[in-house]
Amino acid sequence: MATTTKMAIQNDSDLDFDDADEHDELFTLATKHVEQTHDTLLPNDLLELYGLYKQATSGQCNIAKPGLFNIQGRAKWSAWNDLGQMSSTIAKRLYVEKVQKLQPAWWELVKHGDKKASTGWVVHSIEMPPDNEYQKHENEKTVFDYVREHNLKQVEDILKPSDLEVLDENGLALIHWATDSNDVQMLEYLLKAGCQVELRDAEQQTALHYAVSCGHLECVDLLLKYGANMMAQDSAGQTCLDVADDPCVHSLLKAK
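For the sequence shown, counting from 1, position 32 maps to 863 in the numbering used here; every step adds exactly one.
In short, the hints are calculated from the structure, not lab data. Computed from a prediction, not measured in an experiment: that's the story for all the values here. Yeah, the Cβ is synthetic: ideal placement off N, Cα and C, and Gly gets one too. Check the hints yourself; a few may be wrong.
Stated by the list, open to error - Taking CB as the label site, the calculated pair distances span:
| no. | residue 1 | residue 2 | range |
| --- | --- | --- | --- |
| 1 | Thr868 | Lys1085 | 43 to 53 Å |
| 2 | Asp1052 | Leu998 | 24 to 34 Å |
| 3 | Ala1033 | Asp1076 | 15 to 25 Å |
Claimed, not checked - Under the rule of at most 27 Å between Cα atoms (straight-line distance), these lysine-lysine pairs were calculated in the DSSO-like manner:
| no. | residue 1 | residue 2 |
| --- | --- | --- |
| 4 | Lys972 | Lys932 |
| 5 | Lys967 | Lys896 |
| 6 | Lys929 | Lys896 |
| 7 | Lys896 | Lys972 |
| 8 | Lys1023 | Lys896 |
| 9 | Lys1085 | Lys929 |
| 10 | Lys1087 | Lys896 |
| 11 | Lys984 | Lys1056 |
| 12 | Lys991 | Lys967 |
| 13 | Lys972 | Lys1023 |
| 14 | Lys972 | Lys991 |
| 15 | Lys1087 | Lys1023 |
| 16 | Lys1023 | Lys984 |
| 17 | Lys929 | Lys972 |
| 18 | Lys896 | Lys991 |
| 19 | Lys1085 | Lys1056 |
| 20 | Lys1023 | Lys929 |
| 21 | Lys967 | Lys984 |
| 22 | Lys896 | Lys1056 |
| 23 | Lys984 | Lys896 |
| 24 | Lys991 | Lys1023 |
| 25 | Lys991 | Lys1087 |
| 26 | Lys972 | Lys984 |
Produce the complete structure using the sequences and hints provided.
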């Protein structure tokens, strides 16, 4: 173990993130501890740690929300997606602070435990594209990549009319990706560019299904202004009203 992490951690005030190396090491040790003790933690705490872990290691969530019947996957996705554009540094700090709050003696346990254990963890494994999806060179990226990256300028530069109706390997169109990530500016641009508001994904869900199930109120409002049909049914026969769990979204739909 590097000599930088040498203090005995007693409380949150002892968590020193001034040194970048120590910052990273504390995070790594905290993930190791969670790997070894995750069966003692409550599900909600595991989900919060999962979201912080993904934000710290992969950045802003840029994968599609799992299907309506993948309850565990959707919970993991929400825990990550809700962190928005939080920086990796802040996510790592919050992760360590969360572990410290849940198990104040974690540092002593790690210090005297198996320091060679891997930092993997069963809940740190949401379904996502291969790592090389996040390492594409600029000349390899498609309009889908730029929509997922919220890069409106690049989308404006390369978007072709035919791109608006294409489904990618995940079964989503550009409008679904923009809505899924609550990128209102991107969504409005795609709609103004001629994207069909009722375009279906591989599961016959419209963008409004996504906006409603994610609780993205601004996207819901925008899609409704463009004529989205709240009674459109997906392949499971569910309408947008059926998947409206958020009270504000449900009220907005009922008011239309």
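Outcome of the hint check:
no., hint, result
1, Thr868 / Lys1085: 43 to 53 Å, "45 Å, holds"
2, Asp1052 / Leu998: 24 to 34 Å, "25 Å, holds"
3, Ala1033 / Asp1076: 15 to 25 Å, "22 Å, holds"
4, Lys972 / Lys932, "41 Å, violated"
5, Lys967 / Lys896, "22 Å, holds"
6, Lys929 / Lys896, "25 Å, holds"
7, Lys896 / Lys972, "21 Å, holds"
8, Lys1023 / Lys896, "24 Å, holds"
9, Lys1085 / Lys929, "39 Å, violated"
10, Lys1087 / Lys896, "26 Å, holds"
11, Lys984 / Lys1056, "24 Å, holds"
12, Lys991 / Lys967, "21 Å, holds"
13, Lys972 / Lys1023, "23 Å, holds"
14, Lys972 / Lys991, "15 Å, holds"
15, Lys1087 / Lys1023, "22 Å, holds"
16, Lys1023 / Lys984, "15 Å, holds"
17, Lys929 / Lys972, "36 Å, violated"
18, Lys896 / Lys991, "25 Å, holds"
19, Lys1085 / Lys1056, "14 Å, holds"
20, Lys1023 / Lys929, "43 Å, violated"
21, Lys967 / Lys984, "18 Å, holds"
22, Lys896 / Lys1056, "23 Å, holds"
23, Lys984 / Lys896, "24 Å, holds"
24, Lys991 / Lys1023, "13 Å, holds"
25, Lys991 / Lys1087, "33 Å, violated"
26, Lys972 / Lys984, "14 Å, holds"
The structure does not agree with the numbered hints 4, 9, 17, 20 and 25 stated previously, though it agrees with the rest.
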